[in-house]
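Number of protein chains: 2
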Amino acid sequence: MAEEQSDGEVTAAFLVIGDEILSGRTKDKNIGFLAEYLTAIGIDLREVRIVPDIREKIVEAVNALRPHYTYVFTSGGIGPTHDDITADSIAAAFGVPIDVDPRARAILEAHYPPGQLTEARLRMARIPQGANLIENKVSKAPGFRIGNVHVMAGVPSIMQAMVDAIVPTLKTGTKILSRSVDAELPESRIALQIGEIQDRFPQTMIGSYPRAQDGRFTTQIVIRSRDETILAEATAAVEAVVRDATNQSA
Amino acid sequence: MAEEQSDGEVTAAFLVIGDEILSGRTKDKNIGFLAEYLTAIGIDLREVRIVPDIREKIVEAVNALRPHYTYVFTSGGIGPTHDDITADSIAAAFGVPIDVDPRARAILEAHYPPGQLTEARLRMARIPQGANLIENKVSKAPGFRIGNVHVMAGVPSIMQAMVDAIVPTLKTGTKILSRSVDAELPESRIALQIGEIQDRFPQTMIGSYPRAQDGRFTTQIVIRSRDETILAEATAAVEAVVRDATNQSA
Numbered sequence: 238m239a240e241e242q243s244d245g246e247v248t249a250a251f252l253v254i255g256d257e258i259l260s261g262r263t264k265d266k267n268i269g270f271l272a273e274y275l276t277a278i279g280i281d282l283r284e285v286r287i288v289p290d291i292r293e294k295i296v297e298a299v300n301a302l303r304p305h306y307t308y309v310f311t312s313g314g315i316g317p318t319h320d321d322i323t324a325d326s327i328a329a330a331f332g333v334p335i336d337v338d339p340r341a342r343a344i345l346e347a348h349y350p351p352g353q354l355t356e357a358r359l360r361m362a363r364i365p366q367g368a369n370l371i372e373n374k375v376s377k378a379p380g381f382r383i384g385n386v387h388v389m390a391g392v393p394s395i396m397q398a399m400v401d402a403i404v405p406t407l408k409t410g411t412k413i414l415s416r417s418v419d420a421e422l423p424e425s426r427i428a429l430q431i432g433e434i435q436d437r438f439p440q441t442m443i444g445s446y447p448r449a450q451d452g453r454f455t456t457q458i459v460i461r462s463r464d465e466t467i468l469a470e471a472t473a474a475v476e477a478v479v480r481d482a483t484n485q486s487a
Numbered sequence: 238m239a240e241e242q243s244d245g246e247v248t249a250a251f252l253v254i255g256d257e258i259l260s261g262r263t264k265d266k267n268i269g270f271l272a273e274y275l276t277a278i279g280i281d282l283r284e285v286r287i288v289p290d291i292r293e294k295i296v297e298a299v300n301a302l303r304p305h306y307t308y309v310f311t312s313g314g315i316g317p318t319h320d321d322i323t324a325d326s327i328a329a330a331f332g333v334p335i336d337v338d339p340r341a342r343a344i345l346e347a348h349y350p351p352g353q354l355t356e357a358r359l360r361m362a363r364i365p366q367g368a369n370l371i372e373n374k375v376s377k378a379p380g381f382r383i384g385n386v387h388v389m390a391g392v393p394s395i396m397q398a399m400v401d402a403i404v405p406t407l408k409t410g411t412k413i414l415s416r417s418v419d420a421e422l423p424e425s426r427i428a429l430q431i432g433e434i435q436d437r438f439p440q441t442m443i444g445s446y447p448r449a450q451d452g453r454f455t456t457q458i459v460i461r462s463r464d465e466t467i468l469a470e471a472t473a474a475v476e477a478v479v480r481d482a483t484n485q486s487a
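The listed protein sequences derive, respectively, from chains A and B.
With the first sequence counted from 1, adding 237 to any position gets you the working numbering.
With the second sequence counted from 1, adding 237 to any position gets you the working numbering.
Calculated directly from the structure, the hints in this document are not laboratory data.
Given the structure is predicted, the values throughout are model-derived calculations rather than measurements.
In this text, a Cβ means the ideal position worked out from N, Cα and C, and glycines have one as well.
Any given hint could turn out to be false.
What the hints assert, rightly or not - Taking lysine-lysine pairs in the PhoX-like style, the calculated list, with each CA pair at most 25 Å apart, reads:
hint	chain 1	residue 1	chain 2	residue 2
1	B	K412	A	K294
2	A	K412	B	K294
3	B	K412	A	K264
Unchecked claim - Computed Cβ-Cβ distance ranges for the label pairs, DEER-style:
hint	chain 1	residue 1	chain 2	residue 2	range
4	A	D419	B	D481	55 to 61 Å
5	A	S486	B	E421	53 to 59 Å
6	A	E293	B	T455	29 to 35 Å
7	A	E346	B	E421	24 to 30 Å
8	A	V337	B	D419	27 to 33 Å
Produce the entire structure from the sequences given, and follow the hints as far as they go.
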């Protein structure tokens, strides 16, 4: 789990930009989506930050994250309004100029009826110098990639379409395999034994996830590894622990 | 929106701790809950971070956040298993010792039947020196507060009970009032005018939130201010812009 990019490991951070998430007015749906998607293609999401629509905060977060991970993804703040300051902030973070991009302008011109590409809409064609565009099948106004940073929209349907568009361009890691074991027990009943299994199988990552349902506590144990044989052995060990503890309770 | 604690402003950051959120296996419910709750009581949530169950990452994030905000809240990693390392990490962040706390131990002893307070469960009584306990009405094992950092459980029902327990101890700011205006228009149709209203009313924060529903784009404009009169004036201005633009489209 070290931060170094060891062989086969591809890592990511996700920066969510938007006052509306921090005020609770909008409930974020992009974190769960991206987390699950990256895990499925073998990229480890290692950190998420949510920051407000304030230029210095965006610049600071992007520059804190991009040296440490293979990829950084952002969502939010690339629409046409005064509070959409992500593109300008990313340009500032990279220290490059930003202006209306001819490729982005052409996409918008082709999309809107003649005369409808207003000044506000043209803001969506502002792209930092040196960036590549990310296709937006839903509403056309593109995202962009600069360095290892992928800048996407905040509206979930558009963000998801952009993720689909960029995934073929990403280097993906060795996929992490996982198995889960459900225990009808509170996690404290099996915690010590699960810790021992973790020690015995250092090439696995074992998580213990308690749940409260109808006032009853149950636990899901998730075992993850890049190696299928080790995964199977560790899973069998967890299953044995859960079986024994369950029989003792019965 | 400056970071300084100006008169009446109370700010917060939220640190979510857990591999299961970053892998997408668990969808976070605590961010939306806490964001809405803090807004309601007049505390500005300014930043959220999600980090894995890795000691250095937790220490780094806590120490990065706590000097900058009135309060820091954390969720996750205070259960009985080997991957529950939040309490030890917080102690390390503050540079204080940690051990089984007599008050926390007494709570657990009173809760479990004789002989059931196992070594694993006793881990949940590990509290950094100098911390105060946070009551847990759901499953007893307490959270704690040290300095301006409030450490809570990750299971949403327990986390929510802990928030209820600590809110009476928090300093709260002047409540931010808000009004929203729904526009049956894509945000680009009104973006420039809304930006002008923002300029005219610097004591408001105006957000424009596009939505895609059934292939149609609509917009919600949210106007926020601590001053009720200014809020009413700015809202009326937004309503006039939306009305005019809607009539032009009709």
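With a cut-off of 25 Å on the C-alpha distance, tell me whether B/K412 and A/K294 pass.
holds (23 Å)
Pairwise beta carbon distance, A/E293 to B/T455, judged against the given window 29 to 35 Å:
holds (31 Å)
Do the Cβ positions of A/D419 and B/D481 conform to the proposed distance bound of 55 to 61 Å?
Cβ of A/D419 to Cβ of B/D481: about 58 Å, so the range 55 to 61 Å holds.
For the pair supplied as a hint, B/K412 and A/K264, is the alpha-carbon distance within the 25 Å limit?
Roughly 21 Å between the alpha carbons, so the hint for B/K412 and A/K264 holds.
Measure nothing beyond the straight line between the CA atoms of A/K412 and B/K294; if it is 25 Å or shorter, mark the hint as holding.
It holds: about 23 Å lies between the C-alpha atoms, which stays within 25 Å.
Given a hint of 27 to 33 Å, does the C-beta separation of A/V337 and B/D419 actually sit inside it?
holds (30 Å)
Regarding A/S486 and B/E421, is the given constraint of 53 to 59 Å on their beta-carbon distance met?
holds (57 Å)
Measuring from beta carbon to beta carbon, are A/E346 and B/E421 in 24 to 30 Å?
holds (25 Å)
Hint compliance for this structure: every hint is met.
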